[in-house]
Amino acid sequence: MKRKCSCKRHIFCLGLFCFIYILFFKMLCGPGERYLPRKMAAQEVQPSETIAKLKLESETLKTKLEEERAKLHDVELHQVAEKVEPLGQFVMKTRRTLKGHGNKVLCMDWCKDKRRIVSSSQDGKVIVWDAFTTNKEHAVTMPCTWVMACAYAPSGCAVACGGLDNKCSVYPLSLDKNENLAAKKKSVAMHTNYLSACSFTNSDMQILTSSGDGTCALWDVESGQLLQSFHGHAADVLCLDLAPSETGNTFVSGGCDKKANVWDMRTGQCIQSFETHESDINSVRYYPSGDAFASGSDDATCRLYDLRADREVAIYSKESIIFGASSVDFSLSGRLLFGGYNDYTINVWDVLKGTRVAILFGHENRVSTLRVSPDGTAFCSGSWDHTLRVWA
Amino acid sequence: MLLKMSSKMSSSTNMANARRMVQQLRVEASIERIKVSKASADLMRYCGEHAKQDPLLMGIPASENPFKDKKPCTIL
Numbered sequence: 001m002k003r004k005c006s007c008k009r010h011i012f013c014l015g016l017f018c019f020i021y022i023l024f025f026k027m028l029c030g031p032g033e034r035y036l037p038r039k040m041a042a043q044e045v046q047p048s049e050t051i052a053k054l055k056l057e058s059e060t061l062k063t064k065l066e067e068e069r070a071k072l073h074d075v076e077l078h079q080v081a082e083k084v085e086p087l088g089q090f091v092m093k094t095r096r097t098l099k100g101h102g103n104k105v106l107c108m109d110w111c112k113d114k115r116r117i118v119s120s121s122q123d124g125k126v127i128v129w130d131a132f133t134t135n136k137e138h139a140v141t142m143p144c145t146w147v148m149a150c151a152y153a154p155s156g157c158a159v160a161c162g163g164l165d166n167k168c169s170v171y172p173l174s175l176d177k178n179e180n181l182a183a184k185k186k187s188v189a190m191h192t193n194y195l196s197a198c199s200f201t202n203s204d205m206q207i208l209t210s211s212g213d214g215t216c217a218l219w220d221v222e223s224g225q226l227l228q229s230f231h232g233h234a235a236d237v238l239c240l241d242l243a244p245s246e247t248g249n250t251f252v253s254g255g256c257d258k259k260a261n262v263w264d265m266r267t268g269q270c271i272q273s274f275e276t277h278e279s280d281i282n283s284v285r286y287y288p289s290g291d292a293f294a295s296g297s298d299d300a301t302c303r304l305y306d307l308r309a310d311r312e313v314a315i316y317s318k319e320s321i322i323f324g325a326s327s328v329d330f331s332l333s334g335r336l337l338f339g340g341y342n343d344y345t346i347n348v349w350d351v352l353k354g355t356r357v358a359i360l361f362g363h364e365n366r367v368s369t370l371r372v373s374p375d376g377t378a379f380c381s382g383s384w385d386h387t388l389r390v391w392a
Numbered sequence: 001m002l003l004k005m006s007s008k009m010s011s012s013t014n015m016a017n018a019r020r021m022v023q024q025l026r027v028e029a030s031i032e033r034i035k036v037s038k039a040s041a042d043l044m045r046y047c048g049e050h051a052k053q054d055p056l057l058m059g060i061p062a063s064e065n066p067f068k069d070k071k072p073c074t075i076l
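Residue numbers (the UniProt record's numbering), protein chains in the order written: chain A, 1 to 392; chain B, 1 to 76.
Some clues are possibly wrong.
DSS-like cross-link-like pairs, simulated, lysine-lysine; straight-line CA separation at most 30 angstroms [stated by the list, open to error]:
no.	chain 1	residue 1	chain 2	residue 2
1	A	LYS114	B	LYS35
2	A	LYS71	B	LYS38
3	B	LYS35	A	LYS112
4	B	LYS68	A	LYS55
5	A	LYS104	B	LYS68
6	A	LYS185	B	LYS52
7	B	LYS68	A	LYS259
8	B	LYS68	A	LYS112
The set of hints was computed from the structure by calculation and includes no laboratory data.
Here chain A stands alone, though its shape is the one from the complex:
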């Protein structure tokens, strides 16, 4: 009997083993991953098996999350609110109309002085208004169209804006009306897709942005440096809102993936995620206490999510409302929720009881943006009809 040459076979097996070893080493020793050679050599695990295990674990965790959330769902908010006094009739009218934009108004923000407003539009113009007198105080023409985001700095001395240019730029506002604002422009944020929303944090020094590239980011205004980035949305992020200062360093974002995510600003970690909307989330806004937030979506509903109960606690919808909600904000006490819709109306909801208390007409095209003034005396809405209206 011919004896097979064991040496050749041994060398072949050794070579094959080394090849697999090196292959695993190259694959798994990616950036940030620690590699334990002894463990890998012992297991010789195929990648597909581990993926299946991970998928199983994620399914189990998801079910567990649902169970935990369901356990605490002992009652509905509107049931608890039955004992609250119902609200009376509301008479809210347009008190000021701000005309001057040449195209659709896309975004607006109030200054902390409760009278100035910054607004941006599709034609690339950013205008600062005095809402009491309706005078235009400053105007800047951006180099891009569709300026989808604008924000007033807490000090009132600057405005930030951006849109299709994928950037967020800060313009210091000068008292000299003749000074060319565009000359002092500072580019702060750079994304790889359009800028959908921006907001200063508690100071003029940091800006939080959200973008069509699916990420949010925190930037230092002075240096333009990226301080933290937030990954987790699976599609365009359309909106964000910072938690009221008392409740700490978190913010909420909403996106085209129908998810609303709550983030820790320091670590970049997503701490809570809510996915009950049936379409893009256009607007998110914290409840004044910071314990909850509302969202407005293309599915024609607004919803309230409680952060401590970790679930949706109310839906604001009516069969007659079939157009998406583009923008939401709370009144000072949190009892009223104002929603601007794509059917040109503004619906006012009783947050606790879940009922609609008023419907406001006036705009001649979709309402794209809506904010309550810092002292709660009025709210301002911007629309595709080129105007902004202040209601009280």
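With the hints as your guide, set chain B onto chain A.
Frame of chain A; chain B shown alone:
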């Protein structure tokens, strides 16, 4: 062999994604939650405490609201 390598590379990205998702779900599953009844009661209490200071809710007189037009003086 190149084909094998590239498919193994994409499976490693899938694995990284799967691992990230599991990590994220672990974080979300571990947070402490309270009952909806308690959360609702807190929301209601906040509304109640701040209702008086909410101009849009209570309606403040025209003289105090800079946006509302002041009524012309009846004497004139």
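Evaluated hints:
1. A:LYS114 / B:LYS35: Violated: A:LYS114 and B:LYS35 sit about 37 angstroms apart, past 30 angstroms.
2. A:LYS71 / B:LYS38: Holds, because 13 angstroms separates the two Cα atoms, which is no more than 30 angstroms.
3. B:LYS35 / A:LYS112: violated, 36 angstroms
4. B:LYS68 / A:LYS55: Violated, at about 59 angstroms.
5. A:LYS104 / B:LYS68: Answer holds: A:LYS104 to B:LYS68 is near 26 angstroms, not above 30 angstroms.
6. A:LYS185 / B:LYS52: violated, 42 angstroms
7. B:LYS68 / A:LYS259: Distance ~39 angstroms between B:LYS68 and A:LYS259 Cα, so the pair is violated.
8. B:LYS68 / A:LYS112: holds, 19 angstroms
Hint check: violations occur at hints 1, 3, 4, 6 and 7; the rest are consistent with the structure.
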